[in-house]
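**Student:** So the chains spell out like this:
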Amino acid sequence: MRFTCSRTRLADALSIVCDVAPQRSAKAVLQNIKLQGQEDGTISLSATDMEIGLTYNMDVENLTDPDCVLLPAARLSGLIRDDWSETVNFVIENQKAEISTKHGKFHLMGSDDSEFPEIPGLGEAEFVEINGDEIVDAVAKTMFAAARSDVRYALNGILISADKDNMDFVASDTHRLSLVKKKIRNSKEIKADAIVIPKGMSTLARLSEGQEGVKIRITPREMIAQTACATLVARLVEGQFPRYKDVIPKDFDKTVTIDRETLAKSLRLAGQVANEETRSLTLSASGGKVTASATGNDAGDAQVEMEAQIEGGDVSISFNFVYLLDVIKVLDGKSITLQLKDRDTPARLDAGDFTHVIMPIKPVKR
Amino acid sequence: MSNPDLNFWPRAILHVDMDAFYASVEQLDCPELRGKPVIVGGPKERGVVSAASYEARAFGVHSAMPIGKARRLCPNGIFLPVRMKRYMEISSVIHELFYSFTPVVQPISCDEAFLDVTGSQRLFGSPPGIAAKIKTSIREQTGLTASVGVAASRFVAKIASELEKPDGLTVIAAEDTLERLAPLAVGRIWGVGAVLEKNLHKLGIETIGQLRGWPRETLLAKFGSAGESLYDLSRGIDLSEVHDRDPEKSVSNETTFAVDVMSLGELENTLLALSDKVAARLRKNDLRGKTVQMKLRYSDFSTVTRRLTLPHATCTGTEIFTSARELLRTRTEAGVRPVRLIGVGVSGFCEEAERQSSLFGSLETGDSEKAETFERAVDQIRKKLGSDAIGRASQME
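Taken in order, these protein sequences are the chains called X and U. When you line the first sequence up against the working numbering, it's residues 1 to 366, in that order. When you line the second sequence up against the working numbering, it's residues 1 to 397, in that order.
FYI, nobody ran anything at the bench for these hints, they're computed from the structure. Don't take each hint at face value.
Unchecked claim - Listed next, the in silico PhoX-like pairs over lysine-lysine satisfying Cα-Cα at most 25 Å (straight line): (1) X:Lys289 x X:Lys329; (2) X:Lys362 x U:Lys290; (3) U:Lys370 x X:Lys245; (4) X:Lys362 x U:Lys284; (5) X:Lys191 x X:Lys215; (6) X:Lys289 x X:Lys254; (7) U:Lys370 x X:Lys362; (8) U:Lys36 x X:Lys341; (9) U:Lys158 x U:Lys133; (10) U:Lys36 x U:Lys165; (11) U:Lys249 x U:Lys202; (12) X:Lys341 x X:Lys245; (13) X:Lys334 x X:Lys182; (14) X:Lys245 x X:Lys181; (15) X:Lys362 x X:Lys254.
Bear in mind that the values here come from a model prediction, so they are computed numbers and not experimental data.
Using the sequences and the hints, build the whole thing.
**Tutor:** This is the structure in structure tokens:
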């Protein structure tokens with residue numbers, strides 16, 4: 001097999017594909033990428049860590065004798081990344097790759113693909129289609145709220161839930177919850193839920209950028225997504241995602257609106273003296289001002305005042321300030337509006353199709 | 001040598017160690033056992049020796065040895081089960097008695113304690129005299145013997161009590177410390193385990209006296225912070241105080257099964273009972289911990305410990321059990337390999353003033369606040385009506 005292609009385009013493709021291949025694995029075959037020439041004159045690059053699998057198609061020039069070979073992922077992507085030529089020529093013969101550029105010539109020992117796991121494609125079944133940039137937005141606003149290593153495995157993933165025209169993206173570590181509602185472009189009356197592992201969602205976001213439509217199919221064991229040039233398969237997390245709609249409160253009697261940047265700066269400032277375990281800051285709203293204060297810990301205390309629009313009366317509730325900063329980071333409006341009620345009710349932030357709730361920190365009764 | 005009896009000691013520490021405690025209690029309660037090799041431990045053929053009478057020790061039996069091995073060494077030994085309730089009865093009598101001599105008592109276990117008697121000399125006389133009085137009181141009140149070491153530090157007092165067991169009273173006055181320690185094996189020093197002892201032997205250091213010949217810098221370079229303590233202890237320098245009560249670092253409980261267990265259900269049931277016991281102890285001591293650990297010993301004695309850290313500190317059986325069960329189910333071979341011992345513990349104690357609330361708290365682990373209120377109510381009922389007054393339905397026989 002021979003072909004020629006643009007080095008930068010191949011480097012871009014390899015950077016995504018090689019991130020899927022595990023750096024260390026009990027199954028050595030997974031540290032390779034599968035390079036396959038197609039009859040239509042394109043090539044595909046595949047990698048899997050058995051959690052997610054990715055096949056990336058790209059156009060090449062002058063493809064002859066299409067064949068298939070496994071090449072070591074890290075070496076191949078390193079060579080293509082660090083070379084500075086415009087084009088790359090590949091000659092694959094007897095599972096050995098000769099790679100030549102304007103500046104260098106390399107030989108990489110490959111191996112046959114019989115041990116490499118099959119990565120399924122989208123197939124003919126029903127799928128939903130969503131705009132790619134909407135997926136990027138949804139993933140950015142949910143990922144940070146997912147649990148890292150909760151014993152309830154379902155919380156370590158992102159829930160995607162299709163219902164008629166909408167797909168909900170949900171993540172929660174039990175202390176906070178993110179919900180983003182996105183429109184499905186091909187309303188198909190599909191009702192399907194899947195909890196996708198975080199790496200599956202972050203890779204999906206990477207592939208979705210700038211894509212007009214991304215097709216998503218949910219099977220009992222995996223999510224399969226297809227963009228114009230790539231197919232991604234991600235394992236689902238087993239288990240039941242908690243009933244998220246039940247924990248998003250609707251009745252609030254107080255709102256506090258603060259300039260977004262002022263709030264972020266004030267939280268960071270006061271947070272320097274917050275308790276290192278709980279990260280607790282008390283937000284007290286009263287008389288057109290919100291005070292963020294840290295008290296009652298060994299380090300010392302802090303009080304930072306900011307101007308605010310307060311409706312519904314005075315209120316004082318403690319939160320993990322890092323949780324507040326996390327959500328402020330993914331928003332871009334001029335101001336932040338928090339809906340509040342009491343110490344037993346989560347604070348709620350809304351921004352367009354995005355809803356976020358954060359549970360308060362409460363004093364421990366002795 | 002000056003007569004230590006007549007001088008005021010600027011610092012006087014006693015180490016009191018009951019002789020073969022469990023075995024001696026058995027011989028006390030059952031006169032026909034006296035003079036015979038008595039071995040307490042179990043359960044049955046499994047488990048380990050908890051105590052061996054001096055008659056049994058002559059056969060090479062010692063505590064922490066598997067019962068099976070003890071039976072081979074001493075086939076005519078009298079093997080008895082542990083009667084912890086009875087030992088604790090006597091233990092509390094002994095500890096009560098300590099407090100009549102000094103308020104500064106540090107119990108190490110049910111049969112061993114350090115006493116700081118520096119401030120008791122005016123009232124009760126010289127430290128060796130106090131030691132003799134304590135020995136007499138123990139014998140009068142319980143019929144048992146103890147070995148007592150008297151010295152100016154905890155370390156030397158402990159060494160002293162070991163020198164003339166059983167029924168010993170050994171005084172190592174400050175001015176005699178160097179001389180008395182010199183011939184003893186380095187393995188007697190606190191913190192010198194098998195590995196360190198071997199490394200010391202490699203350097204030709206067999207006795208505490210030989211160790212003393214090495215400069216502080218060399219010991220530090222070779223053994224790090226352990227070198228510092230080797231240097232000090234070899235000179236009998238131990239400034240550690242006798243603590244009224246050692247702050248607990250972890251609370252745990254474990255049990256050895258009479259027959260190896262395959263059933264996950266039975267393991268989980270035992271885990272629940274252990275979790276409740278650990279939780280009750282945490283609440284009694286007003287402790288809450290963030291780290292739950294689960295220990296499993298398989299039939300081939302290979303042992304695994306698995307731990308996880310909770311988002312908040314807990315003292316409830318429900319939360320401890322939920323975490324331990326998750327560890328058991330997902331990170332062990334329980335149900336596949338036979339298990340002989342299971343244990344659960346909580347550590348990472350912290351004083352929490354505030355706690356992060358949870359959105360889905362009540363779904364699976366239960367709302368931790370509610371669980372605590374509930375379990376504290378159970379504690380109250382048990383305190384009033386006895387420990388059998390209330391229990392989990394799943395634990396009823």
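**Student:** Which numbered hints does this structure break?
**Tutor:** Per hint list: 8, 11 violated.
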